[in-house]
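> Okay, here's what each chain looks like letter by letter:
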Amino acid sequence: MPDERFFEPDVETMPRARIAALQEERILELVPYVYERSALVRKKWEEARVKPSDINSLADFTERVPFITKDDIRQFRDEAQDPFGGLLCADYADATTVFSTSGTTGDATLYAHAWDRWHPFWAATARDLWEIGVRPGDYVLGSGFKMRGPLYHADQMVGAIPVLVNTGIGGWATALDAIRRYRPVYGQLTGLALAELDHLSRTTDMREVFSSFKGAAFAGEPLGARARAQLKSWGVEVYLWTSTGDVTGAWECGQHDGCHAWEDCVLLEAVDPAGSAQVADGELGELVATSLDNPVTPMVRFRSDDIIRMTRQPCACGRTHARFWPVGRKGDETIVAGRSFVPMDIWRALEGVPETATALFQLIRPAREIDELKVRVGYDPDTTTSVPELRDRVSEAITAAVGVPPVLELLPEPELLARGRGGKLPRVVKA
Amino acid sequence: MTVASSTAAAAALPRPGPWGIGRYDVAGQPVFFEVGWDDWQRDVAWARAMLADHGVGPGRGLIVVSGMPESPWFDPFETAARELGAPYSIGEIYAFEAFRTGMYARRLPITMIFGLDRTVAEGLGDELAEVIARVPVIVARPDAVGLLAGAGARPFVVARVGPALAVECPHRSGAHLNGAEWAMAERGGELFISTAGPRAHQVREAALGLRGTLTDGPCGCGRGGQRVTISEGA
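Line by line, the protein sequences give chains A and B.
Oh and the first sequence: position 385 is 385 in our numbering, straight run, nothing missing.
Oh and the second sequence: position 198 is 198 in our numbering, straight run, nothing missing.
Just so you know, these hints were derived from the structure itself, not from any lab.
There could be a bad hint or two in this list.
So these bits of chain A aren't anywhere near chain B, every CB distance computed over 10 Å [stated by the list, open to error]:
id, residue
1, R42
2, S143
3, K146
4, G215
5, G224
6, K232
7, E237
8, D281
9, I335
10, M344
11, P366
12, P405
13, A431
Partial chain A-side listing against chain B, Cβ under 8 Å, derived [unchecked claim]:
id, residue
14, E4
15, S100
16, W118
17, P150
18, Y152
19, V158
20, V165
21, A173
22, L176
Predicted model only: the values in this text are computed from it and were never measured.
Backbone N, C-alpha and C fix where the C-beta goes; we use that ideal spot for every residue, glycine too.
Next up, chain A with everything else stripped away, as it sits in the complex:
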């Protein structure tokens, strides 16, 4: 039963020993289940000479069970002509929904759920909305996309009323109208939404508009320092969230000290990005996820390519589940002319130039090591008086950040926004 503080107090503040026991119980049920049903799991385990009978504890699982990567799933899909890449543990007919990953960083992969009332991907998110302060009878601003299922199910689970208006690209003028009418307490934001709100803020009192908000969630990509400061100036408390290896979401609490992974739903590991050993709490590791509550397409030691720092220390909010801080994507590090950088370096440089302060850019990178630093940058056509002059300043800023002069392709922001997908602009592209 929810109380004033927590949506599921018993679950959210469960002692670590109970979490570990619960996870072990579920893992030991999962092991024979997936081995019998998942063609990819069986293939990977046979290659690694692992049998279900070898796994008798959580420690056995994390020591012996082989990883699965997105490339493994795609390769199996293509070779076996299996749309689910060997992950499906039931018949397609038994699935209620089949959704897919965003496809921002490559070919989207499918995942399925069987469910009755609320979509499972968002079930635990009710805990996070409760933490933000969403309560029965509150209005909330419906989010922009449905590719992972109806996020408004989480709104409705906590008794809130979703205001379902267009919060995608080009929709924010009408969304602000809805905010004024219904005074929602919460909404979802993306990087592309912030770029649009930045323009609208020139003619709109954003502090007044967002004065009803207890918080806004932000996901999809890093939140730049300038955007964070701007939201703060509008009085918006931002709660970052991210995907936990495509199993469920992980959201910040009011302490803003890491994203809470719900460990009754996912077994979370951080492993050496270049190897297989578990890294210690606080060290950089690759997020590895195992689904504990999806019998249709469970992920089993799925290497997400997300680089995180993780801790199992209880949070000051009182919750006991692990927290993590997303750091970037594995493979984001780029080497140009012998110098190493990550996309965030370009992000920060662009934030310092007023006409490109929304930091809409794409690093054009056909390979991880490149000879020439090509960057596609969006600029604000309303405030740009001279594109050649802007080009010089942007070039100077990026050179200072990365140490290599860029080859720039400058585009008006609307043209670059049109290349976005699912609320995100792919930051690293091949062309």
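Given chain A, put chain B in place with the hints provided.
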């Protein structure tokens, strides 16, 4: 299990408000409207009957092409698919998301696309012909019908008419309106809508900014009531 415990916690809470709020435009002016929980349940029942008429049932996959802001119209059809045991996927209505509709149609045994609009149909590009060849039943928005017909499809029609959704049955005699909930009028080719049922959103003769024709009387499917044919946009 997480879903079970979260669902139990949710069940303990009151739901003092409506199912959700939607928005449609009348002559360029926004109209916000409530969908009550009772409204939504009746919409689901109607959607279930319409989908079943098109052969949607256990194991028969479908793609619902709709955006988040269209959920007041399309969620009842998603829920109906779930209740009918038909696995469904969502294809968003944006051009940059057209690939998702194509991907589902290519990879899964899809028997129906419901809600295909011109943006997505155009966004499919060369893949459109393959999608049409693969998927037996396409229920398309009015703006996509011509394009799809030109590509060799014979789509049925689904149209947003103000706060309502009109859906053509297999007898192809115009898109059915749920007469227990809504009533339409046509004057000089202009369409108007009124609430007929006990809905949270009550309107009287609201101009829709749409042109079309109405047919009344029995349909081959056994339903009576109004059917609408939109002559432009919806």
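> Determine for every hint whether it applies to the structure shown.
Hint by hint, here is what the structure shows:
1. Every CB of chain B lies more than 10 Å from the CB of A:R42, the least distance being 21 Å, so the non-interface label holds.
2. A:S143, annotated as away from the interface, has a beta carbon of chain B within 10 Å; the closest lies near 6 Å.
3. Here A:K146 does not stay apart from chain B, with its beta-carbon only about 5 Å from theirs, under the 10 Å limit.
4. At roughly 19 Å, the least C-beta separation between A:G215 and chain B is larger than 10 Å, which holds for a residue marked as non-interface.
5. Distance check on A:G224: its Cβ is at least 22 Å (rounded) from any Cβ of chain B, clearing the 10 Å threshold; non-interface status holds.
6. Interface exclusion of A:K232 from chain B stands, the closest Cβ pair being 27 Å apart, more than 10 Å.
7. For A:E237, the non-interface assignment is confirmed: its Cβ lies about 23 Å from the closest Cβ of chain B, beyond the 10 Å cut-off.
8. Every CB of chain B is more than 10 Å from the CB of A:D281 (nearest about 23 Å), matching its label as outside the interface.
9. Even its closest Cβ contact with chain B, about 30 Å, leaves A:I335 beyond 10 Å, as expected for a residue assigned away from the interface.
10. Remark: the non-interface label on A:M344 is consistent with the geometry, its nearest Cβ contact in chain B lying 24 Å away (cut-off 10 Å).
11. The claim that A:P366 is not at the interface with chain B holds, since no C-beta of that chain comes within 10 Å of its own (minimum 21 Å).
12. Against chain B, the non-interface label of A:P405 holds: every CB pair exceeds 10 Å, the least being about 31 Å.
13. The beta carbon of A:A431 sits about 16 Å from the closest Cβ of chain B, which is more than 10 Å, so the claim that it is off the interface holds.
14. Checking A:E4 against chain B by beta carbon gives a least distance of about 13 Å; that is not within 8 Å, so the hint is violated.
15. The interface hint given for A:S100 is met, as the beta carbon of that residue sits about 6 Å from the closest beta carbon of chain B, less than 8 Å.
16. A cut of 8 Å between beta carbons decides the hint on A:W118: the least distance to chain B is about 6 Å, and the hint holds.
17. Proximity of A:P150 to chain B holds as hinted, the smallest CB-CB distance being about 7 Å (cut-off 8 Å).
18. The interface hint given for A:Y152 is met, as the beta carbon of that residue sits about 7 Å from the closest beta carbon of chain B, less than 8 Å.
19. Using the Cβ-Cβ criterion of 8 Å, the hint placing A:V158 at the interface with chain B is satisfied: the shortest such distance is roughly 7 Å.
20. The beta carbon of A:V165 is positioned within 8 Å of a beta carbon in chain B (closest approach about 5 Å), and the interface hint is therefore held.
21. This hint is violated: A:A173 has a C-beta 11 Å from the nearest C-beta of chain B, more than the 8 Å allowed.
22. Taking 8 Å as the C-beta cut-off, the interface hint given for A:L176 is violated, the closest approach to chain B being about 12 Å.
The structure fails to meet hints 2, 3, 14, 21 and 22 from the earlier list, while all remaining hints are met.
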